[in-house]
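Sequence lines, in order, name chains F and S.
For the first sequence, counting from 1, position 355 maps to 482 in my numbering; every step adds exactly one.
For the second sequence, counting from 1, position 211 maps to 442 in my numbering; every step adds exactly one.
Just so you know, the hints here were simulated from the structure itself, not pulled from any lab data.
Note that the structure is predicted; figures quoted are calculated from it, not measured.
Among the hints, a few may not be true.
[Said to hold, decoys possible] Selected chain S positions facing chain F (in silico; Cβ < 10 angstroms):
no.	residue
1	K271
2	K277
3	P408
4	R411
5	S414
6	W443
7	Y447
8	K448
9	F453
10	V457
11	T464
12	Y467
13	A468
14	Y470
15	K473
Yeah, the Cβ is synthetic: ideal placement off N, Cα and C, and Gly gets one too.
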Amino acid sequence: MNTNLKISNVTKIYPGCVANDNVSLEFNSGKIYALLGENGAGKSTLVKILSGVIIPDEGEIYLNENNLKLNSPSDAKKNDIGMVFQHFNLFETLSVFENLIIDSDEQRESLREKIDTIMKKYNFSIDLDIPVLNLSAGQKQKVEIIRCLIRSPKVLIMDEPTSVLTEQETSELFLSLKKFSEEGILIIYITHKLKEVMQLCDEVAVMRRGKLVSVSEIKNENIESLANKMVGQNLKTIKKKKAKTSSDQLIKITNLNFTSEDPFETNLMDINFSVNRGECLGIAGISGNGQSELFQVLSGEIISEKNSIEFNKNYIGDLNPQERREYLMAFSPEDRLEQAAIPQMKIFENVALNNFKSSNFFNNGLINENKIKEHSKKIISDFNVNTENIELKSQFLSGGNLQKLIIGRELITSPDLLICFNPTWGLDVGAINYIHETLIKINQQNKSIILISTDTDELLKLSDKISVIHKGKLSKIMNAEEVTSEKLGILMGGAN
Amino acid sequence: MIKIVKRDQPSRAIFFFTPVLAIFLTLVAGGLIFFILGFKPFEALKFFFIVPIADKYGFSELLLKATPLCLIAIGLSFCFKSNNWNIGAEGQLTFGAIVSGGVALLFYEQEGFYILPIVILAGAIGGMLYASIPAILKTYFNTNEILVSLMLVYVSKLILDYLVVGPWSNPEGFNFPETRQFSDSAKLPLLFEGLRIHAGIFLALTAVVISWFVFYKTYLGFQMKVSGFSLKTAKYAGYKGKKMIILVFLISGACAGLAGVGEITGPIGQLHREISPDYGFTAIIVAFLGRLHPVGIIFASLVVAITYLGAETAQIFMQIPKYTGQVFQGMILFFLLASDYLLFFKFKFIGSKK
């Protein structure tokens, strides 16, 4: 039997952001569909709407011409829509079988038979009676898939399923998905990995900034064309003037590795690069490829080997952020509200977070409030933060003003190197321009920047050199003038 | 129609209003309970909350009970503000009392001005040592400090039990489970003739001032504040998060230990089995009722101390079991947590004119 799933004019608006802007799509069984887009493009919102987690503001969903009202995940289940999320929803200490029967009302015996049949059919081999915590990531995912298959779904949605899988497990998954598709299950595959789309899917829908950009058949596409659609071609040619080429090396990273104990973090492998004075090194990549870990290693939140980071002829790999600041480094993390600043604290208290010995914020262990306040006022006027009141809690600043405060706090001590991570994420155009101008100005003062960003336009606009991070590895470092957004898109998707 | 709306920001006025509301609701609910039990609610509440402190003696008793509560709660506020859930202050109090009592016994029948400071210091160190166990286990072995600190309470009580029954019991004590009386030099002086209020209250007030100073005026306090709001920010700023955790436990343990010193070197002047009517646990309520602020904690400790006295008065005059005191303490915490809902949400009355 054919399955037809239709999304019609779906819109979902969050305060300050249109997550889905009038999206209409149609899927038919027998094909594997890719839903492609960068982080924040709106694909997750769309599949959450399909699986009943989010209720859309407008629009309808039809399954075989029936209008579905999906008010909860169980409505989606009832209507034969199965979903495997990126992060597993399994009870680690329960056995595989117990996990499978939790949301089923069938008899244990009959269910066991059913599971056995499914496993035989698709060549899954998992011991049903061991606890889930003993399974590999690939096996856990199979358990999630079996959980969907028990209900004989018409639609199976996979949300970034390969992010935790090995190459081997990925190819096994692709075989299974192709088999499901042959049996008439409609498969929607959400990803930002171009290679996988080319390998697996029949049709691809690309989303960008909440809008559906294109729907096309894979045979008419290639990696470059998809990268272009995903990243967007609105390439501005406004570039900063190339700085005088300086050969004065400021920071050098040598053979830097980081292995995380957290399976959702990315390991960094063999990072090598250097930045000269007055230069901006851009690091591109789709988020989750090791940018956050790289930032932390550079800022000293993660300590590495002493010799792996050489800054201004000092080895500083084993120093913490505060100690690194003394060597004139400054850091602006990605997360404004949870890391770079504390929203519940006042503006001047947040300024005190960047504390040098020479700033005299704290004398003999006591808070020197006057000094901090004086300093805060200077930041506010020098960096156009739109408030007079330094006693204001920073949660009342807009994102743009908070970011100006943070950048100002980091820059007012005129550091030799600023490391920033997505400095304009979520800001309005005015604030973005201001931050960009500020960053260009730093370079002109012969200070250096390492700009880690997921915004390709931004990188092309500001960088002198660009490298791409993918799965914790850096690509070779390219001159920004020779780089195009197509080329970046391809490297970001992991292809060469 | 009433609609519940999320507040844009927690209201500062509400922040201080909810403890008052919680106390009021506790009184209402308490009155209701008395009514159901067949007492006249107003009369019972009067016996509970007014009669006990109506005279000089009663007022001294109030301060006597409020002193350890205040002291412990001040210490706990350091832990709670930085998201470290030390609920074993009772154990730290007990262990502090054991160490300081042991030292006091060493000076048995000796006199000297130097003895009391040593005894007090020993209590603080005892409490710190005991609090360092959950702190170190938490920071280096990822154990849960709630469980460890709680279970250690019972360990310390058994140690005390063993000591007062066994090796430290008074040789002339007819096998009563208690030690010898400390010498006068090892005892906190009484402030007034005939009243039990002792110099321990100064320890508590000093702690209030110091904690205010540390938390609001020093770099150390600033680091603790930041670490409490966000460990990620603390890491980014370059503060040593683990050290900060151990430190707040030590401060908290020292305060609880000092409270223990006050209990044994005050009017009682010996170690015995029941040195604390769960002050260490009740102080958790005090800390939250006082909004973890030094001044708030002073008021909260007075309010909660009344429930101890009221329970005794009510038992004597009305034959109400004294455990109603604990019922009141429980209700205060319950209503406080419930009314904290108002911090983040507000009721919006939507009239028919819509």
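Verification of the supplied hints:
1. K271: Cβ of K271 (chain S) sits 46 angstroms from chain F, so the hint is violated.
2. K277: violated (42 angstroms)
3. P408: violated (44 angstroms)
4. R411: At 43 angstroms from the nearest chain F Cβ, R411 (chain S) fails the 10 angstroms test, so the hint is violated.
5. S414: violated (38 angstroms)
6. W443: Status violated, d = 13 angstroms.
7. Y447: holds (8 angstroms)
8. K448: holds (6 angstroms)
9. F453: Because about 6 angstroms separates F453 (chain S) from the closest Cβ in chain F, which is inside the 10 angstroms limit, the hint holds.
10. V457: holds (6 angstroms)
11. T464: At about 5 angstroms, which falls below the 10 angstroms cut-off, the nearest Cβ of chain F leaves the hint on T464 (chain S) intact, so it holds.
12. Y467: holds (5 angstroms)
13. A468: Constraint on A468 (chain S) satisfied, holds at 5 angstroms.
14. Y470: Y470 (chain S) check passes; min Cβ-Cβ to chain F is 7 angstroms, inside 10 angstroms.
15. K473: The hint is violated - K473 (chain S) has no Cβ within 10 angstroms of chain F, the shortest such distance being about 12 angstroms.
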